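**Student:** Sequence:
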Amino acid sequence: MTYFIVSCCLLLAFLIVRAALGNISGVLRLEFGLSQTPGNRQVNADEIDWAYYGDETFFAVADGIGSGDKAKTAARVAVHIISRVFEQTGVGGNPAYFFMNCFRGANSTILRYIPDSTAGASLLGAAIKDNRLYYALAGNCKISVFREGELYDLSEGHTFDILARNAFIRKEITRIDALEAAKGNRIYNFVGKDGFRDLEMFDTPVTLKKGDIILLMTDGVYEFCEAEALAKILSSRDSCNTMAKRITDTLDKSNHLEQDNASIIVARINAL
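Last residue of the sequence shown? That's 570 in the working numbering, and every number before it is there in order.
Be aware that one or more of the hints could be misleading.
The calculated label-pair distances, taken between Cβ atoms and stated as ranges, are [stated by the list, open to error]: (1) E385 - T502: 23 to 31 Å; (2) A394 - G509: 38 to 46 Å; (3) D492 - S533: 26 to 34 Å; (4) D367 - K507: 39 to 47 Å; (5) D550 - Y486: 16 to 24 Å; (6) K551 - Y395: 41 to 49 Å; (7) R430 - L555: 24 to 32 Å; (8) L570 - S415: 43 to 51 Å; (9) D414 - G509: 45 to 53 Å; (10) S533 - A569: 18 to 26 Å; (11) D451 - Y486: 16 to 24 Å.
Derived lysine-lysine pairs resembling BS3-like cross-links, with alpha carbons at most 30 Å apart [stated by the list, open to error]: (12) K551 - K530; (13) K507 - K551; (14) K530 - K543; (15) K530 - K507; (16) K543 - K508; (17) K508 - K530.
Keep in mind that the hints were calculated from the coordinates and are not lab data. Quick caveat: nothing in here was measured; it's all calculated off a predicted structure. All residues carry an ideal CB built from backbone N, CA and C; glycine is no exception.
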């Protein structure tokens, strides 16, 4: 047991050092940390992963949908597929194609593991290449950028309330129908779904600046921790690992009866 604990500590130390080094070529250096809490759920069905390809860095967050172990399996398959493909190819010259290909691969693989479609996963992937941030999403995970004291959400998510809002803006549905749909936040698109739809994807990559902090999080974070509280934590000069832990500690201390699994990756651009 002692050997196992020591080994785990050494592995954690290695990961922290590796994360702090980021891009060793000097083109882009970043630091990142991560944290999770099961909340008031018996099973933590969230998964986090990261990968490197040359000077490129990749993060993935997934939130399992469904019951227990099936949801956990779906989330684990989702982040594994997309991260391992990135390790082999990076985003290449066409990041949009990379994301579409990987998400479809994750979708079909989950359906092979869970053919009855009783579980799936919200999946968010983000790649940093040449000081630019690319992302793709299926489901309701969220990616945001904290810059100069302000938190900017990049993604909207695939929930019926967002779908209805956009349909109302396009004058496709009535205001009453839009308000009715806004009462819930059920997900209509995710990987592991028979009939998987297109992705929400970057329109234009975000050009990163020194000091930018990138957040990837499951709904258990942003639905239970207000943006002001997140901004206050991110305004500190703490390490990314410390900030990520402070966010999940805040959720645990709140102890909301409906607190869902919560997972977050905090990545800061230290040099360009």
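**Student:** Does each hint fit the structure? Answer for all of them.
**Tutor:** How the hints compare with the structure:
1. E385 - T502: 23 to 31 Å: holds (26 Å)
2. A394 - G509: 38 to 46 Å: The hint (38 to 46 Å, Cβ to Cβ) is violated, given that A394 and G509 are roughly 28 Å apart.
3. D492 - S533: 26 to 34 Å: Since the Cβ atoms of D492 and S533 sit about 44 Å apart, the hinted range of 26 to 34 Å is violated.
4. D367 - K507: 39 to 47 Å: The hint (39 to 47 Å, Cβ to Cβ) holds, given that D367 and K507 are roughly 42 Å apart.
5. D550 - Y486: 16 to 24 Å: violated (30 Å)
6. K551 - Y395: 41 to 49 Å: For K551 and Y395 the Cβ distance comes to about 43 Å; the hint holds.
7. R430 - L555: 24 to 32 Å: violated (41 Å)
8. L570 - S415: 43 to 51 Å: Holds: the Cβ-Cβ distance is about 44 Å, inside 43 to 51 Å.
9. D414 - G509: 45 to 53 Å: Hint holds: Cβ distance 47 Å, inside 45 to 53 Å.
10. S533 - A569: 18 to 26 Å: Hint holds: Cβ distance 20 Å, inside 18 to 26 Å.
11. D451 - Y486: 16 to 24 Å: The hinted range 16 to 24 Å holds for D451 and Y486, with Cβ atoms some 19 Å apart.
12. K551 - K530: holds (16 Å)
13. K507 - K551: Violated, because 33 Å separates the two Cα atoms, which is more than 30 Å.
14. K530 - K543: holds (14 Å)
15. K530 - K507: holds (20 Å)
16. K543 - K508: Given pair K543, K508 holds - Cα atoms ~22 Å apart, limit 30 Å.
17. K508 - K530: With a Cα-Cα distance of about 19 Å, the restraint between K508 and K530 holds, given a limit of 30 Å.
Of the numbered hints stated above, those contradicted by the structure are hints 2, 3, 5, 7 and 13, listed in ascending order.
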